[in-house]
Amino acid sequence: MMPSFESFIKGHKPAIYENSLCPLFSKVLPDLLLKYPFINGDNIALNDEGETYLFFDNEELKESFENQLSDITKGSLEFHRLLGRTLGYPPKAVDFYIHKEVNSQLSQRSVGLYYMGVNCSSDVLDLDENCQWLWEHYPSHEQLQIRIDSSFYKVDYCDFDRLHQLKRLAKVAV
0 MMPSFESFIK
10 GHKPAIYENS
20 LCPLFSKVLP
30 DLLLKYPFIN
40 GDNIALNDEG
50 ETYLFFDNEE
60 LKESFENQLS
70 DITKGSLEFH
80 RLLGRTLGYP
90 PKAVDFYIHK
100 EVNSQLSQRS
110 VGLYYMGVNC
120 SSDVLDLDEN
130 CQWLWEHYPS
140 HEQLQIRIDS
150 SFYKVDYCDF
160 DRLHQLKRLA
170 KVAV
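Numbering (numbering that gives the first Met the number 0), first residue to last: 0 to 173.
Worth flagging that the hints you see were computed from the coordinates, not collected in a lab. Predicted, not measured: the structure shown is a model, and the values here were computed from it. One thing to keep in mind: the hints can contain errors.
[Stated by the list, open to error] Derived EDC-like pairs (lysine to aspartate or glutamate); straight-line CA-CA distance at most 16 Å:
hint, residue 1, residue 2
1, K34, E59
2, K91, D70
3, K153, E141
4, K34, E5
5, K91, E128
6, K170, D125
7, K166, D155
8, K9, D30
9, K170, D122
10, K73, E100
11, K91, D127
12, K9, D56
13, K26, E59
14, K26, E50
[Said to hold, decoys possible] Computed spacing ranges between beta-carbons, pair by pair:
hint, residue 1, residue 2, range
15, G40, D127, 34 to 42 Å
16, K170, N102, 15 to 23 Å
17, Q67, H98, 14 to 22 Å
18, T72, D148, 28 to 36 Å
19, E100, D70, 17 to 25 Å
20, N46, N66, 18 to 26 Å
21, G10, E62, 16 to 24 Å
22, E100, N42, 15 to 23 Å
23, V101, D41, 22 to 30 Å
24, H140, T72, 34 to 42 Å
25, E128, S75, 23 to 31 Å
26, D70, F159, 36 to 44 Å
Glycine included, every Cβ here is placed at the ideal spot set by N, Cα and C.
Build the full structure now, drawing on both the sequences and the hints.
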């Protein structure tokens, strides 16, 4: 699986949210600080350890995030919605994350998606749409990985037959 910062550096992701305690990230941090607009500090940190950074591929995206952030409480559902959209997650995956925070029973329907440095959860019911969104927004012939419970399954680029098999498997696990 490609780390999110690697996908960002290669120009695939619009933004990354990372912590300096991550050893791989800390190695590339000095270069990122010189090359990309970023925000760091308490207004975006969701944990108290290390230093949290949000890097953007351009100044306009950073300014847009900062403008929207000014009306939002850190850690709130709206903060997570803004962060998820800024990081380039599928819209339905972002919405599912928000709903899951309010209704913990939805966790039973959660599967993990890992593709091109995008790591997010999806409602199994939205799996087709979220995977298609990822393939359309991050076109690459890399395999997408889906986590169902604690197992990982690979899906080739736009292999909807395999995706439907895994969707059935995930529904059985629920």
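Status of each hint after checking the structure:
Between K34 and E59 the CA atoms are separated by roughly 15 Å; this keeps the pair inside 16 Å, and the hint holds. Pair hint K91 plus D70 does not hold up; C-alpha atoms about 23 Å apart against a cutoff of 16 Å. Proposed proximity of K153 and E141 is supported: the alpha carbons are some 10 Å apart, at most 16 Å. For the given pair, K34 sits about 14 Å from E5 by alpha-carbon distance, which is consistent with the 16 Å threshold.
Taking the CA atoms of K91 and E128, the gap is about 8 Å. The hint holds against a cut of 16 Å. Using a Cα cut-off of 16 Å, the hinted pair K170 and D125 holds, with the two alpha carbons roughly 12 Å apart. For the hint linking K166 to D155, the alpha-carbon distance of about 15 Å falls within 16 Å, and the restraint holds. For the hint linking K9 to D30, the alpha-carbon distance of about 13 Å falls within 16 Å, and the restraint holds.
Proximity of K170 to D122 is assessed by CA-CA distance (about 10 Å); at most 16 Å being required, the pair is judged to hold. A C-alpha spacing of about 15 Å is found between K73 and E100, which places the hinted pair at or below 16 Å, so the restraint holds. Between the alpha carbons of K91 and D127 the distance comes to roughly 11 Å, so the proposed pair stays at or under 16 Å and holds. Simply put, K9 and D56 have alpha-carbon atoms about 10 Å apart, close enough for the 16 Å limit, and the pair holds.
With a CA separation close to 26 Å, the supplied pair K26 and E59 exceeds the 16 Å bound. For the given pair, K26 sits about 14 Å from E50 by alpha-carbon distance, which is consistent with the 16 Å threshold. Against the hinted window of 34 to 42 Å, the Cβ-Cβ separation of G40 and D127 comes to about 39 Å, which satisfies the hint. For the pair K170 and N102, the supplied restraint of 15 to 23 Å holds, since their beta-carbon distance comes to about 18 Å.
Under the hint 14 to 22 Å, the C-beta atoms of Q67 and H98, about 20 Å apart, fit the expected range. Separated by about 33 Å at the C-beta atoms, T72 and D148 satisfy the suggested range of 28 to 36 Å. Taking the beta carbon of each, E100 and D70 are about 19 Å apart, inside 17 to 25 Å as hinted. Take N46 and N66: their Cβ atoms lie about 25 Å apart, and the range 18 to 26 Å holds.
Between G10 and E62 the beta carbon distance is about 20 Å. The supplied range of 16 to 24 Å therefore holds. Between E100 and N42 the CB atoms are about 20 Å apart, so this pair conforms to the stated range of 15 to 23 Å. Our hint of 22 to 30 Å for V101 and D41 holds, since their Cβ atoms are close to 25 Å apart. Hint check: H140 to T72, Cβ distance near 41 Å, so the stated range 34 to 42 Å holds.
The hinted window of 23 to 31 Å between E128 and S75 holds, with their beta carbons roughly 26 Å apart. Look at D70 against F159: about 40 Å separates their beta carbons, and that is inside 36 to 44 Å.
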